[in-house]
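Start from chain A and add chain B according to the hints.
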Amino acid sequence: DVKVTQSSRYLVKRTGEKVFLECVQDMDHENMFWYRQDPGLGLRLIYFSYDVKMKEKGDIPEGYSVSREKKERFSLILESASTNQTSMYLCATSTLRLAKNIQYFGAGTRLSVL
Amino acid sequence: AQSVTQLDSQVPVFEEAPVELRCNYSSSVSVYLFWYVQYPNQGLQLLLKYLSGSTLVKGINGFEAEFNKSQTSFHLRKPSVHISDTAEYFCAVSAPSRDDKIIFGKGTRLHILP
Numbered sequence: 292d293v294k295v296t297q298s299s300r301y302l303v304k305r306t307g308e309k310v311f312l313e314c315v316q317d318m319d320h321e322n323m324f325w326y327r328q329d330p331g332l333g334l335r336l337i338y339f340s341y342d343v344k345m346k347e348k349g350d351i352p353e354g355y356s357v358s359r360e361k362k363e364r365f366s367l368i369l370e371s372a373s374t375n376q377t378s379m380y381l382c383a384t385s386t387l388r389l390a391k392n393i394q395y396f397g398a399g400t401r402l403s404v405l
Numbered sequence: 289a290q291s292v293t294q295l296d297s298q299v300p301v302f303e304e305a306p307v308e309l310r311c312n313y314s315s316s317v318s319v320y321l322f323w324y325v326q327y328p329n330q331g332l333q334l335l336l337k338y339l340s341g342s343t344l345v346k347g348i349n350g351f352e353a354e355f356n357k358s359q360t361s362f363h364l365r366k367p368s369v370h371i372s373d374t375a376e377y378f379c380a381v382s383a384p385s386r387d388d389k390i391i392f393g394k395g396t397r398l399h400i401l402p
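Here the protein sequences line up with chains A and B, keeping their order. Everything in the first sequence is counted per my numbering, starting at 292 for the first residue and increasing by one. Everything in the second sequence is counted per my numbering, starting at 289 for the first residue and increasing by one.
The following block holds chain A by itself, in its conformation from the complex (with noise of 0.2 Å):
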């Protein structure tokens, strides 16, 4: 099975502050990527990697930045994090070479700014 975990399922942090949200996968995917997901905005892309230190914008890139120095992790940072970006924010995989588009979720961080 393949397994995605998110380092945090909730955490709180202050407006200002620099976040590290964590998403380590053990099934040797090429493809990660971090989504927020809002109540009636459904998932939106942040970024996405197909490749160590490659890394591509996705819908919603603004005040975010990824990092990717090992193919099993892939790093979200809010460089100062905002109230607007409070949300759940979801990991996913994927790999080219078994079923197409699939892709893998972990269980989720749930971050609140105050």
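No lab work stands behind these hints, which were simulated from the structure alone. There could be a bad hint or two in this list.
[Claimed, not checked] In silico SDA-like cross-links for lysine to any residue, where the CA-CA straight-line distance does not exceed 25 Å:
id : chain 1 : residue 1 : chain 2 : residue 2
1  : B       : Lys337    : A       : Arg335
2  : A       : Lys309    : A       : Val404
3  : B       : Lys394    : A       : Gly349
4  : A       : Lys361    : A       : Met318
Only chain B this time, still in chain A's reference frame:
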């Protein structure tokens, strides 16, 4: 570019009754179609997928969906729901591509009434 529309944000249904969750998509190229389910306080997991071949697709937990190219629809059905089906359901579309990006609908919350 692809897009997906889930026509109902919430669907209430009595236990043991049938249910249909509606999904329409738009795309100028051939597509892959998915339904994902998100149980309370969890990440998303794949219910079923259409990649090619038979238009009737069976998934986990007794769900099935039918790909209708002429109506650009991919509705999800279950003949008899159980209280454990209470969840949010996401329809998603993607086109075969290197980066495995998926476009998600805004979700339909399924409420099972006793």
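Status of each hint after checking the structure:
Note on Lys337 of chain B and Arg335 of chain A: the hinted pairing holds, with a Cα-Cα distance of about 20 Å set against a maximum of 25 Å. For the proposed pair Lys309 of chain A and Val404 of chain A, the alpha carbon gap of about 11 Å is at most 25 Å, so the pair holds. With a C-alpha separation of about 17 Å, the suggested pair Lys394 of chain B and Gly349 of chain A falls inside the 25 Å cut-off, and the hint holds. Between the alpha carbons of Lys361 of chain A and Met318 of chain A the distance comes to roughly 13 Å, so the proposed pair stays at or under 25 Å and holds.
Every hint from the earlier list agrees with this structure, and none is contradicted.
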